[in-house]
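Protein chains: 2
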Amino acid sequence: MKLFDGGRAPNPRRVRVFLAEKGLSVPLVPVDMGAMEHRREAVSSRNPLQRLPVLELDDGTILTESVAICRYFEEVQPEPPLFGTGAVGKARVEMWQRRVELNLFNAVAAAFRHLHPAMKEWEVPQIPAWGEANKPKAVEFLRFLDGELDGREFIAGGSYTIADITGLIAIDFMKPARIQVPPDCTHVQRWYQAVSSRPSATA
Amino acid sequence: MKLFDGGRAPNPRRVRVFLAEKGLSVPLVPVDMGAMEHRREAVSSRNPLQRLPVLELDDGTILTESVAICRYFEEVQPEPPLFGTGAVGKARVEMWQRRVELNLFNAVAAAFRHLHPAMKEWEVPQIPAWGEANKPKAVEFLRFLDGELDGREFIAGGSYTIADITGLIAIDFMKPARIQVPPDCTHVQRWYQAVSSRPSATA
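Line by line, the protein sequences are chains A and B.
Using my numbering, read the first sequence as starting at 1 and increasing by one per residue.
Using my numbering, read the second sequence as starting at 1 and increasing by one per residue.
Among the hints, erroneous ones may be present.
Copies of the same chain look alike in the list, so a pair counts if it fits in one copy or across any two.
As the list claims (entries may be wrong) - Heads up, simulated SDA-like pairs for lysine to any residue below, C-alpha to C-alpha not over 25 Å straight-line: (1) LYS137 with GLY157; (2) LYS135 with ALA35; (3) LYS90 with GLN50; (4) LYS22 with GLN77; (5) LYS2 with THR85; (6) LYS120 with ALA42; (7) LYS175 with PRO80; (8) LYS135 with PRO48; (9) LYS137 with VAL195; (10) LYS22 with THR85; (11) LYS135 with ASP59.
These are calculated hints, taken from the structure and not from any lab test.
Please work from the sequences and hints to get the whole structure.
Here it is in structure tokens:
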């Protein structure tokens, strides 16, 4: 098994944090996305969409999409459960994973990709107005999340889950996207301190 | 249990098709999105993000996000499996569900929301350039999917899954978004004929 990894990019990191929380170690194949190596043969023959990460199993099976790769590891090693337990628990984690991804992660990514000069070759065409429109969307969701985190330890409930991983990565991604967590979002700040202090956050 | 439903909108339909494939019947509470009823108390007290569908269980538990609601029903009634079976099978369905959603469904939705005059109050600000930029993204993904569907019955493999539901709904959504399936995408056309002929497609 080997994981084609993309270094600092958010989606590859999502899988590395997940693996760290599971206590799993998978051989990494580093791919230099800054040098556009993800558009070369090694990646594009495995994932024609030319995106990372890509997991290759020993029998040659290819899995792409960070959350799908995480789901694979959840199935082969259920403990600790990071996608929830029971019908309601699993649905609640999926609900929060999607809420955070659709309303925060995607908004931050759009702001970064459509506004950052380094993204000119990546996002064609760059549409700065769309990048700007996403900044208040991200902040608005953080205000909603702040109310939810009042009295709740983690995003989907009392346990750390993949929704927290997506949230952590989205907030770290806000720095290059030049969006700030509002200072009065004290519950988000407390939660962010907690999740970014876990050893997995350095993955 | 009751499902707050949004009529013709794509995400509510995604859950209705899923339930039809499971042979499940859930009492629906119709919400007229055209009249902005999803912004009124009945929905916004249950989902402050004011989006549909919303599932309310008998004990008052609220689940939102179409795919999370589908996941709940998959857990309570596993047959027929629409999220895959086994670690690789589940991961492969999730991979395809995400590929179709991120590259097709979201692109079609962006074209519709940023270009259609009826969406002016919904998507603020409407950015026509972003809507236009998404049309070729949707077509590009359909060409990739066409190659994948050469010799494969359904999007994620030999069985109908939630990835097919997302694909069906995305393609039906292309009509109001004014995007066409390229006529030479014969495998996509064949697959679309098959999935849209199933009784569930009328849900």
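Intra- versus inter-subunit Cα pairing at 25 Å for LYS135 with PRO48: between (31 Å within a copy, 20 Å between copies)
Homo-oligomer pair classification [VAL195, LYS137; C-alpha up to 25 Å]: The answer is within: 23 Å in one copy meets 25 Å, while 35 Å across copies does not.
Within, between, both or neither, where LYS22 and GLN77 count as close if Cα-Cα is 25 Å or less: within (8 Å within a copy, 28 Å between copies)
Intra/inter-copy verdict for LYS175 and PRO80 if alpha-carbon distance must be at most 25 Å: neither (30 Å within a copy, 44 Å between copies)
Same-copy or cross-copy closeness of LYS137 to GLY157 [CA-CA at most 25 Å]: within (23 Å within a copy, 36 Å between copies)
Alpha-carbon proximity context of LYS120 and ALA42, limit 25 Å: Answer is within: at 24 Å inside a copy they meet the 25 Å cutoff, but 44 Å across does not.
Up to 25 Å CA-CA - ASP59 versus LYS135, copy category: neither (43 Å within a copy, 37 Å between copies)
Status of ALA35 relative to LYS135 across identical chains (alpha carbons, at most 25 Å): Answer is neither; intra-copy 28 Å and inter-copy 28 Å both fail.
Same-copy or cross-copy closeness of LYS90 to GLN50 [CA-CA at most 25 Å]: between (30 Å within a copy, 22 Å between copies)
LYS2 and THR85: within-copy, between-copy, both or neither at 25 Å Cα: between (28 Å within a copy, 22 Å between copies)
25 Å Cα threshold - placement of THR85 relative to LYS22: both (15 Å within a copy, 21 Å between copies)
This entry does not satisfy hints 2, 7 and 11, going by the numbered hints stated previously.
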